[in-house]
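Use the sequences and the hints to build the structure in full.
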Amino acid sequence: MANQGPAYYSPYPAAIYEGVITPPEGKALLLEEVVDEEIAMREIAKQMLTKENATIFPGPQVLYGYNDEAKKKATLIKEMAEVLNANMIPMYDYRPKYPKIDAEIEINPNHPNLTIWHNNIKAAIFIGVHCHYANVALKMVRCETDCYTIAICGLSGHEDAMATLRDQHSSELEKFIKIAREVKAELKL
Amino acid sequence: MASIKDMTDTHNWSGQKLVTADHMLFEAPREKHFMTGSEVLKEAVKRCTVDASVSYPITPQSEAAHLIGELWAEGYVGTYFRGENEFGVMSEVAGCAMAGARTITTTSGPGTLRAMENFPQWSGTRIPCQLILMARGINSPLTIQPDNLEVSFMLETGCMIWYAENVQELFDMSIAAFIVAEKPDVHVPIITVVDGFFVSHTRESVMLPADDIALLPYEPYKSPLPPIDSETPPGRFLRDPFVMKSNYISYATHASWQWEVRSAVERSRPYAKHFLKGLVHVTGTPDAEIAFVTCGTASHQAKEAERELMKHGIKTKVIKLRTIRPFPKEELLAELEGVKHIFVPEFNVVGWLEKEVKTALHNNHTAKVIGGPRVAGGMSLPAEAILKEVFEHINVEGK
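Line by line, the protein sequences are chains A and B. So in this note's numbering, spot 135 of the first sequence is number 127, and the numbers just go up one at a time. So in this note's numbering, spot 93 of the second sequence is number 586, and the numbers just go up one at a time.
These aren't lab readings, by the way, just hints derived from the structure by calculation. Ideal Cβ placement from N, Cα and C applies to all residues, glycine included. Don't take every hint at face value.
[Unchecked claim] Straight-line distance between alpha carbons at most 27 Å, and here's what the computed DSSO-like set of lysine-lysine pairs gives:
#: 1; chain 1: B; residue 1: Lys770; chain 2: A; residue 2: Lys19
#: 2; chain 1: A; residue 1: Lys19; chain 2: B; residue 2: Lys715
#: 3; chain 1: A; residue 1: Lys89; chain 2: B; residue 2: Lys676
#: 4; chain 1: A; residue 1: Lys19; chain 2: B; residue 2: Lys833
#: 5; chain 1: B; residue 1: Lys715; chain 2: B; residue 2: Lys766
#: 6; chain 1: B; residue 1: Lys510; chain 2: B; residue 2: Lys525
#: 7; chain 1: B; residue 1: Lys804; chain 2: B; residue 2: Lys822
#: 8; chain 1: A; residue 1: Lys64; chain 2: B; residue 2: Lys676
#: 9; chain 1: B; residue 1: Lys715; chain 2: A; residue 2: Lys70
#: 10; chain 1: A; residue 1: Lys19; chain 2: B; residue 2: Lys796
#: 11; chain 1: B; residue 1: Lys676; chain 2: A; residue 2: Lys63
#: 12; chain 1: B; residue 1: Lys715; chain 2: B; residue 2: Lys676
#: 13; chain 1: B; residue 1: Lys715; chain 2: A; residue 2: Lys64
#: 14; chain 1: A; residue 1: Lys167; chain 2: A; residue 2: Lys43
#: 15; chain 1: A; residue 1: Lys63; chain 2: B; residue 2: Lys881
#: 16; chain 1: B; residue 1: Lys715; chain 2: A; residue 2: Lys167
#: 17; chain 1: A; residue 1: Lys38; chain 2: A; residue 2: Lys180
#: 18; chain 1: B; residue 1: Lys881; chain 2: B; residue 2: Lys796
[Said to hold, decoys possible] Cβ-Cβ distance ranges computed for the label pairs, FRET-style:
#: 19; chain 1: A; residue 1: Glu24; chain 2: B; residue 2: Thr852; range: 22 to 30 Å
#: 20; chain 1: B; residue 1: Glu877; chain 2: A; residue 2: Tyr9; range: 38 to 46 Å
#: 21; chain 1: A; residue 1: Asn59; chain 2: B; residue 2: Glu830; range: 47 to 55 Å
Written as structure tokens, this is what we have:
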């Protein structure tokens, strides 16, 4: 499950119907495999550092979160983008766009594939997106694009992403950035 | 009426000590009581830190909604009001839940169908509200007696469906239901079903924890969709009926949304396994070649038949399904290993559970499935009827 490459048209089978479920506490998911968080973090960093047009999609929970944790996360996400040499395209809102989305500058959960196609994105991190919209978007991205999807989630994670980290708060983001720096050095990038 | 006080870290507005569901269900000491299903539901709601309940009282009815109203008057439920009709009730439940309230209501029979459009809308908006469905059949002709035909209409609404056999299960399930429905990766409505009259109106022994403890409150900001509040720009983030603008979105959006709702129901499995101690409960002889697959009070009758059949030297077992959505396919298949005859006794004319069982078994199991016996419209299901069905079929099979 969660193989790369377009399945075309349909988001079915959804990962859970193939037996892939959100990882247990303290663990992460790489494709269908439950792994230690650090192993997943290293793989995520490698994917983001080596894939074409790697992009971070920050969602409303960090864009509009009126709390100190959201501010701290937003600052760390900016640092993360620098370490991963990644672009940043925000998910400003959840309503479908009229008459069409400007895929150059934003992503929308109702048609996320358009942004990925337009910008030729081959690896992407979803972070700060409410879980339902992340899941809706991840299913579509998996079926219609060949983008390697990564979910960095503050709650239970997302089985439709190709890599998912759960319970990610600012301290975990700091850990990920540290690991990403190490991977970057190992890859001599 | 008691006044609503501020919630603290340790106590809710009615002064009950806040505890986890594990403590409430598995650790807190219990005492024996003798109550109807409606009274037991009141006791469960009393211990759930419920923010809101909406009801539409119409005769005939169980006492359940009325008793939840008493809880409001006693200060245990945050708000309680009457809807204009069943459709209004279910819409108002949606409003309460979208605003971040732990919400419960009850209904049955024709009222369920009058409110029908709301149930897939509930799941589509990912609200974790609870409906207690005291099943009593559907018009026409009218029945006010036990019959669970309406459950067949609820199967594909995207809601979780659990089925309680007796008042004890109703108490425990309706508490666990809130907790499982509110898990961020689940977060869909839950329908807790009991058979009307047999459970709602009949007194049974039930073990209850003290009423000075209550569940920790619902945390709406862990919702997979943002709750409605004054700081969330509603035009951008509200649970928008985007389907009406389908000319502007990918058709895949709607498909993905629907699969996501159903995926959420599937994600409830590990949580339900924990709180219900398994998605199926089995009684009888483990290696029996005859099995009854049941839910609700049909399980009780099948267990009586199992004991009677044992007196005839016939080994059987009863596999009681505790969840209908998600359907416990793997658990059922595991328990059916070695079984050659499956009987599905039901309280309805259509045999919806038989269809569910046959779907699960298709290409997975070779046992013969006999849909019956079935009763409806308030008829009882005596163990003798089940015995008769078994004797007829195993004779036909030449045993």
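Outcome of the hint check:
Restraint check: the Cα-Cα separation between Lys770 of chain B and Lys19 of chain A comes to about 24 Å, which is no more than 27 Å; the hinted pair holds. Distance hint between Lys19 of chain A and Lys715 of chain B is fulfilled; the C-alpha atoms sit about 20 Å from each other, no more than 27 Å. Proposed proximity of Lys89 of chain A and Lys676 of chain B is contradicted: the alpha carbons are some 30 Å apart, above 27 Å. Between Lys19 of chain A and Lys833 of chain B the alpha-carbon distance is near 41 Å, which puts this suggested pair outside the 27 Å criterion.
For the hint linking Lys715 of chain B to Lys766 of chain B, the alpha-carbon distance of about 22 Å falls within 27 Å, and the restraint holds. Taking the CA atoms of Lys510 of chain B and Lys525 of chain B, the gap is near 21 Å; set against the 27 Å cutoff, the hint holds. Using a Cα cut-off of 27 Å, the hinted pair Lys804 of chain B and Lys822 of chain B is violated, with the two alpha carbons roughly 31 Å apart. With a CA separation close to 25 Å, the supplied pair Lys64 of chain A and Lys676 of chain B stays within the 27 Å bound.
Proximity of Lys715 of chain B to Lys70 of chain A is assessed by CA-CA distance (about 24 Å); at most 27 Å being required, the pair is judged to hold. A distance of roughly 42 Å separates the Cα atoms of Lys19 of chain A and Lys796 of chain B; the hinted pair therefore is violated under the 27 Å criterion. Using a Cα cut-off of 27 Å, the hinted pair Lys676 of chain B and Lys63 of chain A holds, with the two alpha carbons roughly 25 Å apart. In summary, the hint linking Lys715 of chain B to Lys676 of chain B is supported, as the alpha carbons are separated by about 8 Å, within the 27 Å threshold.
For a cut-off of 27 Å, the pair hint linking Lys715 of chain B to Lys64 of chain A stands: about 19 Å separates their Cα positions. A threshold of 27 Å between alpha carbons decides the hint, and for Lys167 of chain A with Lys43 of chain A the separation of about 22 Å falls inside it, so the pair holds. With a C-alpha separation of about 70 Å, the suggested pair Lys63 of chain A and Lys881 of chain B falls outside the 27 Å cut-off, and the hint is violated. Distance check on the hinted pair: Lys715 of chain B and Lys167 of chain A sit about 23 Å apart at the alpha-carbon level, within 27 Å; holds.
Simply put, Lys38 of chain A and Lys180 of chain A have alpha-carbon atoms about 12 Å apart, close enough for the 27 Å limit, and the pair holds. Restraint check: the Cα-Cα separation between Lys881 of chain B and Lys796 of chain B comes to about 15 Å, which is no more than 27 Å; the hinted pair holds. Roughly 25 Å separates the CB atoms of Glu24 of chain A and Thr852 of chain B, a value that falls within the hinted 22 to 30 Å. The hinted window of 38 to 46 Å between Glu877 of chain B and Tyr9 of chain A holds, with their beta carbons roughly 42 Å apart.
Checked against the hint of 47 to 55 Å, the C-beta distance between Asn59 of chain A and Glu830 of chain B comes to roughly 52 Å, which is consistent with it.
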